[in-house]
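*Asks:* Protein chains in written order, with the numbering used here: chain V, 1 to 201; chain Y, 1 to 215.
Please keep in mind that the hints were generated in silico from the structure rather than gathered at the bench.
There may be inaccurate statements among the hints.
Straight line, CA to CA, 25 Å or less: simulated PhoX-like cross-link-like pairs of lysine-lysine [to be verified]: (1) Y:K196 <-> V:K31; (2) Y:K15 <-> V:K176; (3) Y:K43 <-> V:K142; (4) Y:K50 <-> V:K137; (5) V:K70 <-> Y:K50; (6) V:K137 <-> Y:K43; (7) V:K90 <-> Y:K43; (8) Y:K196 <-> V:K82; (9) V:K31 <-> V:K70; (10) V:K176 <-> Y:K50; (11) V:K31 <-> V:K62; (12) V:K176 <-> Y:K16; (13) V:K71 <-> V:K90; (14) V:K137 <-> V:K176; (15) V:K176 <-> Y:K43; (16) V:K90 <-> Y:K50; (17) V:K128 <-> Y:K43; (18) V:K71 <-> Y:K50; (19) V:K124 <-> Y:K50; (20) V:K45 <-> V:K70; (21) Y:K16 <-> V:K70.
Reference listing, derived: stretches of chain V covered by chain Y, where coverage requires no fewer than 3 residues with Cβ under 8 Å from a Cβ of chain Y [what the hints assert, rightly or not]: (22) 17-23; (23) 29-39; (24) 81-92; (25) 95-108; (26) 113-120; (27) 123-137; (28) 174-183.
Over the 10 Å line for every Cβ pair with chain V, so calculated as not near, a few chain Y residues [claimed, not checked]: (29) E68; (30) G95; (31) L117; (32) Q121; (33) G130; (34) S131; (35) A146; (36) I152; (37) R154; (38) T159; (39) F168.
For each residue, glycine too, the CB sits at the ideal point set by N, CA and C.
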Amino acid sequence: MSNDDAAEIQHKIRRASQLLLLQRQRSPGVKGWELRRALGKEYTKILDVLRTEINGLGLDLKVIHNNVAKKVEEIPEEDLDKARFFVVMKGPLTHSELTTSGWRIDDLAVLAAAIAYINSRRGKAPRKQVEELLREKFPRWKVDINLDRFIRRGYLLEDEEMLFIGWRTRAEIDQKTLTNLILAAPSERGSADDVAESQPE
Amino acid sequence: MEALSQISSIIHLQKKWIAYRASSLYVDPLVVELKIRLAPQEKLAEALEKSWHPIVSLQHITPQRLTEAMDYWNRLLPFKERLATSPSGELLEPGSFDLEELVKLQIVSAEEFKDRLNDLQKELNERITGSEEGSRIRYEDFVYVADFKETILRAYLTTFLISEGDAFLQVDPLEEEAFLTLRRPEGASKTSTGSKVVAINHGEWEMYIEGGRQV
Chain V
1 MSNDDAAEIQ HKIRRASQLL LLQRQRSPGV KGWELRRALG KEYTKILDVL RTEINGLGLD
61 LKVIHNNVAK KVEEIPEEDL DKARFFVVMK GPLTHSELTT SGWRIDDLAV LAAAIAYINS
121 RRGKAPRKQV EELLREKFPR WKVDINLDRF IRRGYLLEDE EMLFIGWRTR AEIDQKTLTN
181 LILAAPSERG SADDVAESQP E
Chain Y
1 MEALSQISSI IHLQKKWIAY RASSLYVDPL VVELKIRLAP QEKLAEALEK SWHPIVSLQH
61 ITPQRLTEAM DYWNRLLPFK ERLATSPSGE LLEPGSFDLE ELVKLQIVSA EEFKDRLNDL
121 QKELNERITG SEEGSRIRYE DFVYVADFKE TILRAYLTTF LISEGDAFLQ VDPLEEEAFL
181 TLRRPEGASK TSTGSKVVAI NHGEWEMYIE GGRQV
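In isolation and in its complexed conformation, chain V is listed as follows (with noise of 0.2 Å):
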């Protein structure tokens, strides 16, 4: 590879980690036809080289097509324009950090509860349903605030008064493990192993 093509590829992955990591719209990240005009036809090869090096920062690439976190190489090149694509922190936040970053833990835990349950619904359940559950916690103008706020920010999807898994949670949340974690967690009246250990095989 002669000097100018190594500068050239430096170019554009310093050209595609601005593209990335730079908020120009509302929502995160970049669509795959927006790289593709940035970086060329073969910009799939500069996200990965890229991927290698955000990774040793403790960040990683994210694909969502369809609404499904996927790898770039599962998804059909003719779809690849309207893939999303964005960088994710590769572990979890720590309790400080969240905090600091102006999550509140009663919207955390919003948040938790109606994705655990929605998900264990096959992804989606009435929004009324949602809400009654969010109430037996919080006030109504919480609930509604929050689930609206979830809606908006992507991690939500509301349809006919029913609500989904966002495309913003299938790209930053583990739902396996927060699923887990839930059936693991004490109860608030008392220990509710007993409920989890009744969860069948």
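Given the structure of chain V, go ahead and fit chain Y onto it with the hints provided.
*Replies:* Only chain Y this time, still in chain V's reference frame:
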């Protein structure tokens, strides 16, 4: 034959259900619901913290944008002076003109407007019929053209086509993409009068045109 087909679809659904229940993602919904009801808030929040890998994004201002902002600030007249230039002596709130008012002010003629609208409708029909899908076209692919002013005009005229029922706007909430169709999208109510906002800004238009996707 019909009975056989129905039995086969029931078996297919049962197979899917068994596969799902056997998968590692399956957890009894009632158990999850009970655990959510019993778990303290802190534990729910902690579970999310441990399974969350947030998207990383930066918001920062560039030196160029800062220079532009300084220029704007320097050129901006003091608030009192701007108030004095207002005919009523009060700061006017942004308003809007409807077509009738624009015609009265002779900014557009009713004839010219109708002609443009007819031309645009004809173009929309032809482009949807000739599109890959044959039933719809991406909003940007239709409205965005090389000239920004013309793009705004096309967007304005397109809203008339939609409000007159000559075209329909279909928004894909997952992909955040808007499409124009000639037929009412499935499931859309005939009587619904909801409104949808499709924002056009210069930066996105420029990116689109530079991307070589202009019409």
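*Asks:* Does each hint hold? Answer for all of them.
*Replies:* Hint-by-hint comparison with the structure:
With a C-alpha separation of about 22 Å, the suggested pair K196 (chain Y) and K31 (chain V) falls inside the 25 Å cut-off, and the hint holds. Taken as a hint, the K15 (chain Y) and K176 (chain V) pair is honoured in the structure, with Cα atoms around 23 Å apart against an allowance of 25 Å. Between the alpha carbons of K43 (chain Y) and K142 (chain V) the distance comes to roughly 19 Å, so the proposed pair stays at or under 25 Å and holds. At most 25 Å may separate the alpha-carbon atoms for a hinted pair to count; K50 (chain Y) and K137 (chain V) meet this at roughly 22 Å.
Annotation: proposed proximity of K70 (chain V) to K50 (chain Y) holds, straight-line Cα distance about 21 Å (limit 25 Å). For the hint pairing K137 (chain V) with K43 (chain Y), the CA-to-CA distance comes to about 13 Å; that is within 25 Å, so the pair holds. For the hint linking K90 (chain V) to K43 (chain Y), the alpha-carbon distance of about 22 Å falls within 25 Å, and the restraint holds. Straight-line distance between C-alpha atoms of K196 (chain Y) and K82 (chain V) comes to about 22 Å, which keeps the hinted pair within the 25 Å bound.
As the CA atoms of K31 (chain V) and K70 (chain V) are separated by approximately 14 Å, the hinted pair is consistent with the 25 Å bound. About 11 Å separates the Cα atoms of K176 (chain V) and K50 (chain Y), which keeps this hinted pair within 25 Å; it holds. With a C-alpha separation of about 12 Å, the suggested pair K31 (chain V) and K62 (chain V) falls inside the 25 Å cut-off, and the hint holds. Distance check on the hinted pair: K176 (chain V) and K16 (chain Y) sit about 20 Å apart at the alpha-carbon level, within 25 Å; holds.
A hinted pair counts as satisfied when its Cα atoms are at most 25 Å apart, and K71 (chain V) with K90 (chain V) qualifies at roughly 15 Å. Taken as a hint, the K137 (chain V) and K176 (chain V) pair is honoured in the structure, with Cα atoms around 23 Å apart against an allowance of 25 Å. Proximity of K176 (chain V) to K43 (chain Y) is assessed by CA-CA distance (about 16 Å); at most 25 Å being required, the pair is judged to hold. At most 25 Å may separate the alpha-carbon atoms for a hinted pair to count; K90 (chain V) and K50 (chain Y) meet this at roughly 12 Å.
For the suggested pair K128 (chain V) and K43 (chain Y), the alpha carbons sit about 24 Å apart, so the restraint of at most 25 Å is met. Between the alpha carbons of K71 (chain V) and K50 (chain Y) the distance comes to roughly 23 Å, so the proposed pair stays at or under 25 Å and holds. For the suggested pair K124 (chain V) and K50 (chain Y), the alpha carbons sit about 23 Å apart, so the restraint of at most 25 Å is met. Using a Cα cut-off of 25 Å, the hinted pair K45 (chain V) and K70 (chain V) holds, with the two alpha carbons roughly 16 Å apart.
For a cut-off of 25 Å, the pair hint linking K16 (chain Y) to K70 (chain V) stands: about 21 Å separates their Cα positions. Residue count for the stretch 17-23 of chain V with a Cβ under 8 Å from a Cβ of chain Y: 3. That meets the three needed, and the coverage hint holds. With a threshold of 8 Å between beta carbons, the proposed coverage of the stretch 29-39 of chain V by chain Y holds, since 4 of its residues qualify and at least three are required. Three residues within the 8 Å Cβ limit are the bar, and the stretch 81-92 of chain V against chain Y gives 8, so the coverage statement holds.
By the rule of at least three residues with a Cβ nearer than 8 Å to a Cβ of chain Y, the coverage given for the stretch 95-108 of chain V holds, with 6 such residues. With a threshold of 8 Å between beta carbons, the proposed coverage of the stretch 113-120 of chain V by chain Y holds, since 6 of its residues qualify and at least three are required. As drawn, the stretch 123-137 of chain V meets chain Y at 3 residues by the rule of a beta-carbon pair under 8 Å; at three or more, the given contact holds. With a cut-off of 8 Å between beta carbons, the stretch 174-183 of chain V has 9 residues touching chain Y; three or more are needed, and the interface restraint holds.
With 10 Å as the threshold on Cβ separation, the claim that E68 (chain Y) sits away from chain V holds: the shortest Cβ distance comes to roughly 16 Å. Distance check for G95 (chain Y) against chain V: the nearest CB is about 26 Å away, which clears 10 Å, and the non-interface claim stands. Non-interface call for L117 (chain Y) relative to chain V: holds, since the shortest CB-CB distance, roughly 31 Å, exceeds 10 Å. Here Q121 (chain Y) stays apart from chain V, with its beta-carbon at least about 28 Å from theirs, past the 10 Å limit.
Once the 10 Å rule is applied to beta carbons, G130 (chain Y) is consistent with being away from chain V; the minimum gap is 19 Å. Every CB of chain V lies more than 10 Å from the CB of S131 (chain Y), the least distance being 15 Å, so the non-interface label holds. No beta-carbon of chain V is positioned within 10 Å of the beta-carbon of A146 (chain Y); the least distance is around 16 Å. For I152 (chain Y), the condition that its CB be more than 10 Å from all CB atoms of chain V holds, with the nearest at approximately 19 Å.
Residue-level check passed: R154 (chain Y) sits 21 Å from the nearest beta carbon of chain V, beyond 10 Å. No Cβ of chain V approaches the Cβ of T159 (chain Y) within 10 Å, the least distance being about 21 Å, so the stated non-interface status holds. At the 10 Å boundary, the C-beta of F168 (chain Y) stays outside the reach of chain V, the nearest C-beta of that chain being 18 Å off.
Checked against the numbered hints above, the structure violates none of them.
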